[in-house]
Amino acid sequence: MAERFTLRVNGQTHTIEADPEMPLLYALRDDLGMSNPHFGCGLSQCGACTVHVDGVATRSCVTPVSKAAGHDVVTLQGLGTPEKPHPLQTAYVEEQVPQCGYCINGWIMTAAAFLNTHKKPTDAQIREALTGLKCRCGTHTAILRAVKRAAEKMA
Amino acid sequence: MNAETNLSLSRRALLQSTGALVVSFSLAEAGEVLAAAADKKPPLVPTELDSWLAVSKDGMVTIYFGKMDGGQGTDLAIAQIVAEELDVPMKSVTVVQGDTLWTVNQGGASGSTGVRFGGAALRVAAAEARRVLVNKAAEKFGVGADQLKVADGVISVANDATKKVSYAELIGGQYFHSEIGWNKQYGNPLALTSPAKVKSPSEYKIVGQSPKRFDVEGKVFGTKPWVSDIKVDGMLHGRMIRPPIAGASVVAVDESSIAGIPGAKVVRKGDFLGVVAPKEWDAIKASRDLKVTWSQVADPFPDMAQLYDHIRKAPVTKSDKQEKGNIEAQFAKAAKIIEAEYEWPFQSHASMGPGCAVADVRADGVTVWTGTQKPHFAAQGVAGVLGVPVEKVRAIWVTGPGSYGRNDAGDVTVDAAVLSQAVGKPVRVQYMRYEGHGWDPKAPASVHKGRAALDAQGNVLAIDFNSKGFSRLETNSTESDPGDTLGGMLLGHKGARTAAFNLPENMYTFENKRLSWETIAALLPGASPLRTSHMRDPLGPQITFASESFIDEVAYAVGADPVEFRLKYLTEPRDIAAIKAVAEKAGWKPGKAGARRTRRGDIVTGRGIAYTQRGNTIVAIVADVEVNERTGELRVPRVTVAHDCGLIINPDALRRVVEGNVVQGLSRSIYEEVQFDRQQVKSVDWLTYRIVDITEAPTQIDVVLLNHPESIPTGAGEATMRPLAAAIGNAIFEATGTRVRRAPLNPQHIKASTV
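So the protein lines, in turn, are chains Y and R.
Going by my numbering, the first sequence opens with residue 1, and the numbers climb by one from there.
Going by my numbering, the second sequence opens with residue 1, and the numbers climb by one from there.
Please note: incorrect hints may appear among the correct ones.
As the list claims (entries may be wrong) - Residues from chain Y that keep clear of chain R, each with C-beta distances beyond 12 Å, as calculated:
1. Arg-4
2. Arg-8
3. His-14
4. Asn-36
5. Val-53
6. Gly-55
7. Lys-67
8. Asp-72
9. Ala-113
10. Thr-117
11. Asp-123
12. Thr-131
13. Leu-144
14. Glu-152
Said to hold, decoys possible - In silico SDA-like cross-links for lysine to any residue, where the CA-CA straight-line distance does not exceed 25 Å:
15. Lys-148(Y) to Val-704(R)
16. Lys-585(R) to Asp-123(Y)
17. Lys-148(Y) to Asp-693(R)
18. Lys-231(R) to Phe-114(Y)
19. Lys-119(Y) to Glu-696(R)
20. Lys-120(Y) to Glu-696(R)
21. Lys-148(Y) to Asp-215(R)
22. Lys-120(Y) to Asp-693(R)
23. Lys-184(R) to Ala-196(R)
24. Lys-265(R) to Pro-20(Y)
25. Lys-425(R) to Leu-32(Y)
26. Lys-291(R) to Asp-19(Y)
27. Lys-212(R) to Val-93(Y)
28. Lys-425(R) to Asp-30(Y)
29. Lys-41(R) to Ala-168(R)
30. Lys-148(Y) to Pro-82(Y)
31. Lys-265(R) to Asp-30(Y)
32. Lys-148(Y) to Arg-635(R)
33. Lys-580(R) to Thr-699(R)
34. Lys-231(R) to Gly-132(Y)
35. Lys-231(R) to Thr-63(Y)
36. Lys-67(Y) to Pro-278(R)
37. Lys-212(R) to Glu-83(Y)
38. Lys-120(Y) to Asp-215(R)
39. Lys-231(R) to Leu-32(Y)
40. Lys-212(R) to Gln-77(Y)
Note that these hints are calculated values from the structure, not bench results.
Ideal Cβ placement from N, Cα and C applies to all residues, glycine included.
Isolated chain Y, as found in the complex (with noise of 0.2 Å):
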């Protein structure tokens, strides 16, 4: 049965009522009206829906409701604004990379976790921190160039 959680989304607080096995991503969707997070799979496959708890890359379909509660939950949105762009964000501009775009949420958020944590890291280190990522587009190639970009900016 429902039950009532607070969510702290990009540093907002909102209360929801929610099956505790819902999904974080329906209630982000859903509930709270946020785009960002793609549904893609629904099974941790393909990493449309990441957004960050507590600063991880976190695939949102697969994770309940009740587990994010009471955590700091980071989207697309929250990370950059065209004012105030994260730099994979400015990267993926200059670069010009998504085609459709549906699966870049998650190759952002999974790269800025990854570049929190990993300065000046190597083209294989950025292809393994990446992989399991789905691109249907087939920009893989135009998102290495834009990862490697911002990795120089934030070193």
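Given chain Y, work out where chain R should sit, using these hints.
Below, chain R without anything else, positioned relative to chain Y:
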């Protein structure tokens, strides 16, 4: 370029009353730039110049594009073409696309014709608009039109700088009410005619440059909505229920099984079965919990291991061929005959997100927000399935997960419409992952045979090439007939079920040549998870994997270098130039098979070339591979592409389109294969349908762009996909000395061929 600022107040009020709170909706309403105009907008027909573009009071130009961009920058190319012909800066141009209320049916995204046909029409419209405006200025200044020049949307008298007038002053906020000619064909072939002279490529200032795309920032900052983000007040969430065994019918539904889920309801019309609920998670739970009794059906599919035998043995439903010379006479006198057969599996669009659409079916009209790449046709399909006139249906295309052909975006649009009509409320349906893989229309599986007759000197006397497989139009490439959508089929609509395959398009000059195809019946007619349709470069990868692998086999059989061999049988300068360009960029070392092979432990390397045409676009590719001889593991570290699509509109965007083709094409070449058993498709997610991972993406993709401004732009959306599998297969042969003739070129098939 904020289209939202152009919204009229009346429209805003309407938006609020219907509760559509979505940014993209307002973007679509950029169509209404002239809403404040005193006169009435002419009807949306191809013969009205106002159907193609508008100039606002502040001089902004809105283009109405009846195709759409899936993220490759087609809309950007259109904007460049129009800005060029109109002589306005890029920053004043906005594109409204894929909305049936505002755009003429130019066929949607289809066959790499966005620039080729779509751009050609808009180019004429822009030149005509410029002509009309210059004539107005000539009248105003009392001079001949030839005395006038245009720069940045301002017309001035050539020898009197004081006499000038802007487009905004001449027409801003008003309709042209001017006629333009057309060829009376809707869809891809739609062409416009005008007495206006279009610019010569030597005059181009914007075409050929690389301005940045319109959509990238919105995607990177998460401010641009996808179709899955559309919300309408009072909207319910819907999910569909699919049979566990393909072809099974609904016998009984136990509605009490979801009685505990708030607001959940069943919608059943025959075998069309869905659930709706106010909350999305509840709709998902209802779709999982609903108890359904399905009919017993005989196993609909053969053993997957027997797929290619099935294709070989199946009766031919339709065939076609092109023949030149006397084939059999040449084979009769041949000193040597080479034969080989190649196989290609079913492949899934497996779009990044499963299909999603929102439908709002009301008594006075229907609106669907859809990710289909053919919204005009989807509107027809929705009208057909609902039984309402097509004029009452508005389809608004909103960016969806990348659509590369006839994926599930049209199916879900029809499903949402049927559910909305049934419950009397707006309904959003997003398919689940298993539907995105398991129930989308598939790229056809096929078998291909090559035969070559050679004389004693190794010259090719004759080539005989045949393809046999499932039709590329068993499910049509558009959704205009409800019988070509999953929901429509379940409701009893019958599509045309067209039998169609293709011939190879390459231009080798063999004197005796027979190219043929044969189609076979679908394994399960109707609403099948293995129904076949168009997927990026329909049949191109299949046919060209076979034809260009076979050319390589012939080249090596006569001891020739595969680059030299191809050049020997080509005469067109641009074909030759593309092959030479890729060989030079790749640093191709001429020689027989193995000349480029290296070995380090178990790892052998090789290089392969393949070339093709696609609708006059020419692509030549050199692929470098590393194969682990022990495990069959394959890596493709470098791919070199020479690409000639005529006039280049935007080199940077083109380069990225080619790169995307390479990586997606690599995925299809080496991993993608739909798994099925006797009862059902078993590729239902990313674990059961492997695609390329970033750890496997090439480290180097070199793209040589061959620009031919004297030629029309012939399209780049699909051509690079076409020869890639053959280039990789040819490289595997060089590395391992054995030919892998079954796609995908995965470790299992490589090992099966080499061990």
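Discussion item. Is the claim that Thr-131(Y) lies outside the interface with chain R correct, judged by CB distances over 12 Å?
Written reply: violated (5 Å)
Worksheet item: Does the structure keep Lys-148(Y) and Pro-82(Y) at a Cα separation of 25 Å or less?
Response: holds (20 Å)
Worksheet item: Is Lys-585(R) within 25 Å of Asp-123(Y), Cα to Cα?
Response: holds (24 Å)
Practice prompt. Decide if the proposed pair is consistent with the structure: Lys-119(Y) and Glu-696(R), CA atoms, cutoff 25 Å inclusive.
Written response: holds (23 Å)
Worksheet item: Does the structure keep Lys-120(Y) and Asp-693(R) at a Cα separation of 25 Å or less?
Response: holds (22 Å)
Practice prompt. Take a quick look at whether Lys-212(R) and Val-93(Y) sit within 25 Å of each other, Cα to Cα.
Written response: Holds - the C-alpha atoms of Val-93(Y) and Lys-212(R) are around 9 Å apart, at most 25 Å.
Practice prompt. Quickly compare the C-alpha distance for Lys-120(Y) and Asp-215(R) to 25 Å and report which way the hint goes.
Written response: violated (30 Å)
Worksheet item: If you draw a straight line from the CA of Lys-148(Y) to the CA of Asp-693(R), is it 25 Å or shorter?
Response: holds (18 Å)
Discussion item. Would the non-interface assignment of Asn-36(Y) survive a Cβ cutoff of 12 Å against chain R?
Written reply: violated (4 Å)
Discussion item. Given the hinted pair Lys-231(R) and Gly-132(Y), is their Cα-Cα distance within 25 Å?
Written reply: With a Cα-Cα distance of about 30 Å, the restraint between Lys-231(R) and Gly-132(Y) is violated, given a limit of 25 Å.
Worksheet item: Are Lys-425(R) and Asp-30(Y) close enough, with their CA atoms no more than 25 Å apart?
Response: holds (17 Å)
Discussion item. Minimum C-beta separation from Arg-8(Y) to chain R exceeding 12 Å: can you confirm that?
Written reply: Arg-8(Y) is indeed farther than 12 Å from all Cβ atoms of chain R, at 18 Å.
In this structure, the hints that do not hold are numbers 4, 11, 12, 13, 18, 34, 38, in rising order.
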